[in-house]
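J.: The primary structure of each chain is shown beneath.
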Amino acid sequence: MLSAQRFLDEVIAALRNVIAPAISDPYPKAQAYMAAVILEFVSRQVEERSDIATAKEQALSALFADLSRLLDRKEVLQPNGDEREARLCQVIERLYAERNRLGEEVFTAANRRVRQALRQLLDEDLKVAGKREE
Amino acid sequence: MPAEQSVQDKVRAYLQGKLPAARNLTLSDFVQTAGGWSHEIYVFYANWQEDSRNVTRGLCLRKDPGVGLLREISSLKEQYRVLQALEPTPAPTAKVYWYEEDPALLGGPFFVMEKVEGEVPNPWSRAGKQAYAEAARRGTLSRSFVEALASLHNLDWRAAGLDFLGAPGPGKDFALREVAKWESLIQQSLRKPEPVLMEVLMWLKANAPEAKRLAFVHGAYRTGNLIIKNDAIAAIIDWELQVIGDPLYDVAYVLSDLNREGSPLLSCVVEREFFLDYYQQLTGLTVDLDVCRYYEILYMMRSTAFWLSASGLFAEGKNKDLRLARTAYSVPVVLDMAAKALGF
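Residue numbers (the working numbering), protein chains in the order written: chain A, 20 to 153; chain B, 5 to 348.
Looking at chain A on its own, in the form it has when it is part of the complex (with noise of 0.2 Å):
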């Protein structure tokens, strides 16, 4: 997802720039203009969410925390690269990969549990993504 500041700005723009010249009614063209300006504002106000950050954080050091406990394997867990996300990609892939030498009870006990965290993942990304509650 783009930055909230980034979304806003594009907003911006394209109320000021587009739809307000392209309104040929007074009232609701002066409206679109002053949404702009409001979202000038609104924008500044505005900071981005760090709880999902640490949040997913957490789900992700618990995964590979009992990842290791899990597979005896541990090359399918070796990092590649500093970026947790990236990294959780590498292990989906080689866990299916090896899954013939990993046995099926493992393969089942590791995905299962890979599955756990992502379903938090998603949670996370669903603050903001997801339908608001009515």
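Accuracy of the hints is not assured; some may be wrong.
To be verified - Quick list of the computed label-pair ranges, beta carbon to beta carbon:
| hint | chain 1 | residue 1 | chain 2 | residue 2 | range |
| --- | --- | --- | --- | --- | --- |
| 1 | A | V56 | B | Q53 | 46 to 56 Å |
| 2 | B | F168 | A | A74 | 43 to 53 Å |
| 3 | A | V61 | B | N126 | 41 to 51 Å |
| 4 | A | E76 | B | T37 | 44 to 54 Å |
| 5 | B | D281 | A | S69 | 52 to 62 Å |
| 6 | A | Y46 | B | S56 | 50 to 60 Å |
| 7 | A | E59 | B | W41 | 25 to 35 Å |
None of these hints come from the bench; they were simulated from the model. Glycine included, every Cβ here is placed at the ideal spot set by N, Cα and C.
Given chain A's structure and the hints, the job is docking chain B onto it.
T.: Then chain B, alone, in the frame of chain A:
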């Protein structure tokens, strides 16, 4: 400095070249439609005199804007060839007239086809859902929806000259090809790692079903991609994702929750049981719901690829359409659907 020619002027000049016998050629009701994410679409009437007669023809021009969606996996020329091949078949489609690649004409490749009269209610809008629900109660449109799909799947695609699309090999090749096609779009669009998507992709590769039969598959058969007139499908549109493949791929798209948000009807227009019964009756196929479930998950991956590509175009500054920006928020929602379908 001379004023830049408008699109309408350029189109008129182009048509005059294609219709040398036309005198006093004018274009009327020239409108660029708001629908469609991947192409610029203009609809209009061409009016002229020929052999002492007044002629009016409704036309639609579809142009590649260069930075639209799905440029990596869909081609305008292929769409034109497909529509040309479908013209003599029972499948309801628009007649195509001319295809042009020369960017000097309009700034990018385009083709001109017949403007099919009818409506395309927006299935995502409240009014559109209501229009489809009312049509479903009358019954005729639901039948036509199934019949048009069956007309594609019953087509002898080799005889129709559609084999240029390339047929997959036996077994799992079709499903794996589709996964690979969309994975390549993901790789081109991905701006940050998406572990949930990786799990979905790995599952899809590990569980690909065998295609029992190959057919000509539209790839996005749903309301919104169908022109409707008098409660019947007047034309199937949006020919960007067609393939030779498993017909259950289209069936799964109809069954998918992706295309009926808030409606109990498949694609907002047809009862599930009626759809399955009538489709099987018309095609002689047996719908394997496990295979359809696989394809439904593939569609969720495909939607994710689509949204990643759309939001990527916006993020890279290649396209300023705010609708593309909005799709970034659709990625977790579709991944959530896929995760739930996979049991997590």
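J.: Checking against the hints above, which ones are violated?
T.: 3
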